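Add chain B to chain A, keeping to what the hints say.
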Amino acid sequence: MSAAGSLLTLVQQSHSVLNPAGPQTRMIDRLWDAMYLTSIVVFVLVVGALLWSAFRRRAIDDPPQTPAREQSLKTVVAGATGLTILVLLGFLVYDVAVGRQITRNPGAQALQIRVTGHQWWWEVQYRDSIAKDWATTANEIHIPTGRPVALELRSTDVIHSFWPPDLTPKRDLIPGNVNSLWFRADSAGVYRGQCAEFCGQQHAKMGFLVIAEPPDRFALWLARQRDTAQTPTTDLTRRGQEVFLGSTCVMCHAIGGTPAGSRIGPDLTHLASRRTIAAGTLPNTRGNLAGWILDPQRIKPGTRMPPNQLSPADLHALLAYLETLK
Amino acid sequence: MLGLCLGIACEREERNFQGIPPSASASMPPVRESELQPGPPTRSAPISGPYEENAYGVSQGKTLYNQYNCSGCHFQGGGGIGPPLMDADWIYGSRPENIFETIAEGRPNGMPAFGRKINADQIWQLVAYVRSMSGLLRKDVAPGRSDDMQVRPQEQSTPKARPVHSALPPASERQ
Chain A
1 MSAAGSLLTL VQQSHSVLNP AGPQTRMIDR LWDAMYLTSI VVFVLVVGAL
51 LWSAFRRRAI DDPPQTPARE QSLKTVVAGA TGLTILVLLG FLVYDVAVGR
101 QITRNPGAQA LQIRVTGHQW WWEVQYRDSI AKDWATTANE IHIPTGRPVA
151 LELRSTDVIH SFWPPDLTPK RDLIPGNVNS LWFRADSAGV YRGQCAEFCG
201 QQHAKMGFLV IAEPPDRFAL WLARQRDTAQ TPTTDLTRRG QEVFLGSTCV
251 MCHAIGGTPA GSRIGPDLTH LASRRTIAAG TLPNTRGNLA GWILDPQRIK
301 PGTRMPPNQL SPADLHALLA YLETLK
Chain B
327 MLGLCLGIAC EREERNFQGI PPSASASMPP VRESELQPGP PTRSAPISGP
377 YEENAYGVSQ GKTLYNQYNC SGCHFQGGGG IGPPLMDADW IYGSRPENIF
427 ETIAEGRPNG MPAFGRKINA DQIWQLVAYV RSMSGLLRKD VAPGRSDDMQ
477 VRPQEQSTPK ARPVHSALPP ASERQ
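Top line first, the protein sequences correspond to chains A and B. The first sequence begins at 1 in the working numbering and counts up one residue at a time. The second sequence begins at 327 in the working numbering and counts up one residue at a time.
Hints are computed from structural coordinates only; laboratory data are not their basis. As the structure is a computational prediction, the values presented were derived from the model and not from experiment. A hint or two may mislead.
[As the list claims (entries may be wrong)] Some chain B residues judged to face chain A by a derived CB distance under 8 angstroms, without partners named:
| no. | residue |
| --- | --- |
| 1 | 343 |
| 2 | 344 |
| 3 | 394 |
| 4 | 442 |
| 5 | 444 |
| 6 | 445 |
| 7 | 447 |
| 8 | 448 |
All C-beta atoms, glycine included, are put in the ideal place defined by N, C-alpha and C.
Chain A on its own, in the form it takes in the complex (with noise of 0.2 angstroms):
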């Protein structure tokens, strides 16, 4: 992909609450449209009541206090009371029904995925019936359009939150323990998420990309996925591999096929064919992509990534190499 188009993407993805993509975040926009509208209301009239009160003239000769003035005052008092209860009876009773439909089980059509959270990146593997067959990739979430998916969330380190905002309310994912969610795209399209709970000095930098595709094409993609890497055909992008695998990268990172089987870091199988390297933080370009690997540290302070020396050569060709990762 070239830059431009990277960068483009980047640009066109959607992060936004107001922007709901999916069912749920779409009854969580309507009770919030409801809640606003009634504020407004209530607003209008608390305020106008006030205004009225100061402002209002009283006759030189206004009536003293009266028991019947004293009732009437009783009752209106006690009516704007009840009024209020009434209406946040009724948010209570809304706000419930909206939390018990978004959480109601998708049913077994959905399609299983396993999401992980790192310090600071997220694990991505679709499951399969058999082991072999599992897709993992890292920080891009590609799903159908119209089909539920079902995310198993799990974290290894610290407590970390899955939230892309258009298409579901947030869910955390706790070490030690096992937890689920599911949504559903409408329409095609790439809507960003993020992590939110602070789970560190690079919190900030957890991002990742759900990108809903028409049916037809989330298949051929998930097709590649769970294939291995493609061998190196020229010199070139030999060489790469061999740096590549005799240098630090083969301690934390997988390229499914070869040797390098490492599951602390992203599983770089295809690398390529990722909008975004290090989280959502940089689009992934050739010179975005030479950063990252001599100075990740630059970048993202605090990440796992150690720098790494290598001579132009070596750079150049593992840069060739990891362009074929598609």
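For chain B alone, coordinates are given in the frame of chain A:
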């Protein structure tokens, strides 16, 4: 009093994210394992590990110990395929520079050389953690809790060991 508390707290938590790239790590001065040498005695200045008094570095070492699969052979310090690390017995020396060399250059009978695969900074973190396992670090620096259940006491409550410089096991045992 407050100043004193703050002063003590700062000392344990220095963080260095920049690290030293692995290819720069080969330039370690030669490390000696014993006092035996030809000619008159000469003393080389001891090299001190940068994370010996750094709680953050030691806890990073503890994470890396599992992530880089040191535990695959040494287990949680009790040894199995590789020798135990939580006892007082050291085959190749207990000083930080000895352990650095063991990790970076490898040792006979199965210890691989991690020198070009792990950067020097992380090796020093592993060195500090390995030393904490047998109580060679200050108590307030050694890790005080584990994320998973452990069968041994915390590094922090490990009694300070007196390192013994043992010889290699006999050839028959090494098979």
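Could you check the structure against the hints above and give me the numbers of any it violates, in ascending order?
none
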